[in-house]
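Once you have looked at the hints, place chain B on chain A.
If you read the protein sequences in the order shown, they are chains A and B. When you line the first sequence up against the working numbering, it's residues 1 to 537, in that order. When you line the second sequence up against the working numbering, it's residues 538 to 833, in that order.
For the record, the hints were derived by calculation from the structure and aren't laboratory data. There could be a bad hint or two in this list.
Unchecked claim - For the chain A half of the interface with chain B, some residues (derived, Cβ under 10 Å), not all of them:
1. A18
2. T183
3. Y230
4. T233
5. F474
Said to hold, decoys possible - Rough simulated footprint, nothing fancy, chain B against chain A, three-plus residues with beta-carbon under 8 Å:
6. 173 to 182
7. 212 to 223
8. 236 to 247
C-beta: ideal position from N, C-alpha, C; glycine also.
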Amino acid sequence: MAHSEHADHAEHDHHGPAHGFIQRWVMATNHKDIGTMYLVFAGLMFLIGGAMALVIRAELWTPGLQFVDPQFFNSMTTMHALVMIFGGMMPAWTGLANWMIPMQVGAPDMALPRLNNFSFWILPFAFLMLLATLFVPGGAPAGGWTIYPPLVVQGGANFPMSMFAIHMMGISSILGAINVIVTIMNMRAPGMTLLRMPMFTWTWLITAYLLILVMPVLAGAVTMVITDHYFGTTFFSAAGGGDPVLYQHIFWFFGHPEVYILILPAFGVVSEIIPTFSRKPLFGYESMVYASASIGFLSFIVWAHHMFTVGMPLAGQMFFMLTTMMIAVPTGVKVFNWSTTMWKGSLTFEPPMLFAIAFLFLFTIGGFSGLMLAITPADFQYHDSYFVVAHFHYVLVPGALFAIIAAVYYWLPKWSGHMYNQTLAKWHFWLSAVFVNVLFFPQHFLGLAGMPRRIPDYATQFADWNAVSSIGAFGFGFAQLLFVWLIISCVRGGEKASDHVWEDTHGLEWELSSPAPYHSWTTPPSDAVILRGTTGH
Amino acid sequence: MSTHAATHDESQYYVPHSSRWPIIGSMSLFLLVGGAVVTLNGWGSGWSFLPGILGILTLFFGWFHDVIGENQKGMFNLAVDRSFRMGMMWFIVSEIFFFAAFFGALFYARQLSVPWLGGEGVKPFNKLLLWQEYSPTWPTNGPGAVGGHADGSFETIPAFGLPAINTALLLASGVTITIAHHALRAGHRGILKIFLAATFVLGFIFVYFQGTEYHHAYTELGLKLSTGIYGSTFFMLTGFHGLHVTIGAIMLTVVWLRVMKGHFTPERHFAFEATAWYWHFVDVVWLILFVFVYWI
Numbered sequence: 001m002a003h004s005e006h007a008d009h010a011e012h013d014h015h016g017p018a019h020g021f022i023q024r025w026v027m028a029t030n031h032k033d034i035g036t037m038y039l040v041f042a043g044l045m046f047l048i049g050g051a052m053a054l055v056i057r058a059e060l061w062t063p064g065l066q067f068v069d070p071q072f073f074n075s076m077t078t079m080h081a082l083v084m085i086f087g088g089m090m091p092a093w094t095g096l097a098n099w100m101i102p103m104q105v106g107a108p109d110m111a112l113p114r115l116n117n118f119s120f121w122i123l124p125f126a127f128l129m130l131l132a133t134l135f136v137p138g139g140a141p142a143g144g145w146t147i148y149p150p151l152v153v154q155g156g157a158n159f160p161m162s163m164f165a166i167h168m169m170g171i172s173s174i175l176g177a178i179n180v181i182v183t184i185m186n187m188r189a190p191g192m193t194l195l196r197m198p199m200f201t202w203t204w205l206i207t208a209y210l211l212i213l214v215m216p217v218l219a220g221a222v223t224m225v226i227t228d229h230y231f232g233t234t235f236f237s238a239a240g241g242g243d244p245v246l247y248q249h250i251f252w253f254f255g256h257p258e259v260y261i262l263i264l265p266a267f268g269v270v271s272e273i274i275p276t277f278s279r280k281p282l283f284g285y286e287s288m289v290y291a292s293a294s295i296g297f298l299s300f301i302v303w304a305h306h307m308f309t310v311g312m313p314l315a316g317q318m319f320f321m322l323t324t325m326m327i328a329v330p331t332g333v334k335v336f337n338w339s340t341t342m343w344k345g346s347l348t349f350e351p352p353m354l355f356a357i358a359f360l361f362l363f364t365i366g367g368f369s370g371l372m373l374a375i376t377p378a379d380f381q382y383h384d385s386y387f388v389v390a391h392f393h394y395v396l397v398p399g400a401l402f403a404i405i406a407a408v409y410y411w412l413p414k415w416s417g418h419m420y421n422q423t424l425a426k427w428h429f430w431l432s433a434v435f436v437n438v439l440f441f442p443q444h445f446l447g448l449a450g451m452p453r454r455i456p457d458y459a460t461q462f463a464d465w466n467a468v469s470s471i472g473a474f475g476f477g478f479a480q481l482l483f484v485w486l487i488i489s490c491v492r493g494g495e496k497a498s499d500h501v502w503e504d505t506h507g508l509e510w511e512l513s514s515p516a517p518y519h520s521w522t523t524p525p526s527d528a529v530i531l532r533g534t535t536g537h
Numbered sequence: 538m539s540t541h542a543a544t545h546d547e548s549q550y551y552v553p554h555s556s557r558w559p560i561i562g563s564m565s566l567f568l569l570v571g572g573a574v575v576t577l578n579g580w581g582s583g584w585s586f587l588p589g590i591l592g593i594l595t596l597f598f599g600w601f602h603d604v605i606g607e608n609q610k611g612m613f614n615l616a617v618d619r620s621f622r623m624g625m626m627w628f629i630v631s632e633i634f635f636f637a638a639f640f641g642a643l644f645y646a647r648q649l650s651v652p653w654l655g656g657e658g659v660k661p662f663n664k665l666l667l668w669q670e671y672s673p674t675w676p677t678n679g680p681g682a683v684g685g686h687a688d689g690s691f692e693t694i695p696a697f698g699l700p701a702i703n704t705a706l707l708l709a710s711g712v713t714i715t716i717a718h719h720a721l722r723a724g725h726r727g728i729l730k731i732f733l734a735a736t737f738v739l740g741f742i743f744v745y746f747q748g749t750e751y752h753h754a755y756t757e758l759g760l761k762l763s764t765g766i767y768g769s770t771f772f773m774l775t776g777f778h779g780l781h782v783t784i785g786a787i788m789l790t791v792v793w794l795r796v797m798k799g800h801f802t803p804e805r806h807f808a809f810e811a812t813a814w815y816w817h818f819v820d821v822v823w824l825i826l827f828v829f830v831y832w833i
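Looking at chain A on its own, in the form it has when it is part of the complex (with noise of 0.2 Å):
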């Protein structure tokens, strides 16, 4: 039977890619080079994004002003901001979804190609509007990344260019997240049922739908923000009975999925490379699914503990204290569930295994803090601090972005069909998990003793934990480097990988050949191939 699978694929198999650069890059249509594209666009973000944070970790090390003036300090953490979320991590896992979802699910690509490509290159051009600012007069905006009114309004010409290259970045993450949608719901082989899908596909699921409702939103902010500037509309402003706190009622209902949009797909990420690596199926396969829906649900009706101390009614900051703490629930449930299938496994530790264990340690401690600033009466000192810096860098560097350093790790045999230098993959992890804790611990202690965020300058007793804190940030961006290297070379060639690759690999995209076929399921896999490939069913 199996055997009989892998004979179609090759007689579909003859036609490959498109001749010429513009034909196969600029006119994609196939899945796994839009996927790479955006891989690719994210790896150039990342390094953009991080160079900016070294302006900012440089500026940090010692008290005084030394390198920027302070307005080229704001516009940097408002653009390091932007460019990672919008830029480095939303493309890396929307390349990652197109790359594994149609594998996952045993279809021949995205269900709307087209738009597939559409969804991509709206991107480099925003990047291009965005980044243009900091070459304008006045330089890049610096009013933070939540674009808060009234001050961003006071913004010069990188007002509209920043705002509509927001509604670009919305426009194409709302057309990808519809894509992913229909790919699920519409182009699964039949017989892979909703319960038989991958974790990773099941967390980019509900990652689509928070897209689709809470990037037009963003949209909706975005747009009453530019209307107040240029057209004389008053939402935010009290004079006309508007009020600028409305437009944070507004920004977090979208800015808080947008924190899940972050770390959902890393859930899925950790819950198929913990099994894999355990030599066990993932505990609790159904639960974790669940778990994944409730974090989705709850995420739309946390948003105002982003702003506790803006003078909120008593019954609103209860409310909001109670949703939020109730999140602990579901991520306790994946976090147990990851620990018990480690538990007794047979583990092994190859790079994506270290990345994912890492993950889980680190993610967790990100997630205590959270916790310790969902207490309302806390956060009220919290707020605004380095603690806050720490906090959400906990989440979504050994969180988000460790999950998909291990999910490159992960498949990147499969993708190019060779193995990389796994030696120095490991001192890559050990590097990377080494300097992000020496980069973003002594924050929770500058955040705790009082050192608020945004400031290119602080108090001389702050100065020891941030010069610790930007050598981990040096030490951190630096070892990202090896990263690059092993995947050009891993690319370029190799030790050959086999068709599983990993010893006790369960899912689809194992049963395609290394490198996978252009055109991954041609044919729908039988349910033989489809019940061997399931974890853990």
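Coordinates of chain B only, in the frame set by chain A:
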């Protein structure tokens, strides 16, 4: 093996060949927002919009022309048809949430920020220290009496005048498009043509009435986009709705032209259905608008 063979036939997914429209679309979008940036920053005149608008128009004509051509050649099977349907459905859902942001702003202003500005609830000091004179009643243009006539006053449009007529027009158009849909499915092309035409004519009349209403509001009532929070929510909600009705009516016109050319079968008519869903969506948004913006 038999199940495999059976699924094999119906699953010859259509993977489209490469297309230049996505990149043309991305560049046009860039030119369009670039035109907006140039105009808003005062770097050039409103003509800066022209390249972007031409690009977007080329995009719509070209991309739809190609897809309709492929469809007429029978290149799309049922699975592709289903993908299109789902795609349109979720696109409409995202549109609903775009409107939700503006309705959210309206409800927040009416229920929270305006009463707070008048010192109600948890904000007594707004009344005591900042705005002693302000009485927080809806409609309002805020304690600063922003916009409106020279003295800061303005009037609103009563629900049971033109807006009620517009409601009737849109509801009637919802009925006519349903009749057209039933006619299409039953193969009655004559009835289809008449009722589809009636639908977009009703849509364009609605847009025309909205235009006269706006003119009236701007020239006589002192109700403008800049008339405080009432003007902001009123014009942004009705304006985006009007834009969607215009787009929907253009879509209906295109579908009607395709009907005249003999497109669509009783079984397969995705473009018709997608347009009908879109039309019902703008219809429902209007009903909510009518109740919360005009009526109560």
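When I compare C-beta atoms, does the segment 236 to 247 of chain A have three or more residues closer than 8 Å to chain B?
holds (count 9)
Grab the minimum C-beta distance from F474 (chain A) to chain B and call the hint holds if it beats 10 Å, violated otherwise.
35 Å, violated
Restraint outcome when T233 (chain A) is required to lie within 10 Å of chain B by C-beta distance
4 Å, holds
Does the segment 173 to 182 of chain A contain three or more residues whose Cβ lies closer than 8 Å to a Cβ of chain B?
Since 6 is at least three, the answer is holds.
Taking a Cβ-Cβ distance under 8 Å as contact, does the segment 212 to 223 of chain A have three or more residues in contact with chain B?
holds (count 10)
So, T183 (chain A) near chain B? Judge it on the closest CB pair being under 10 Å.
8 Å, holds
Hint check: 10 Å Cβ-Cβ cutoff, A18 (chain A) to chain B:
Holds - the Cβ of A18 (chain A) comes within 10 Å of chain B, reaching about 6 Å at its closest.
Quick one, is the Y230 (chain A) hint okay against chain B at 10 Å, beta carbons?
6 Å, holds
When each numbered hint is compared with the structure, a violation occurs for hint 5 only.
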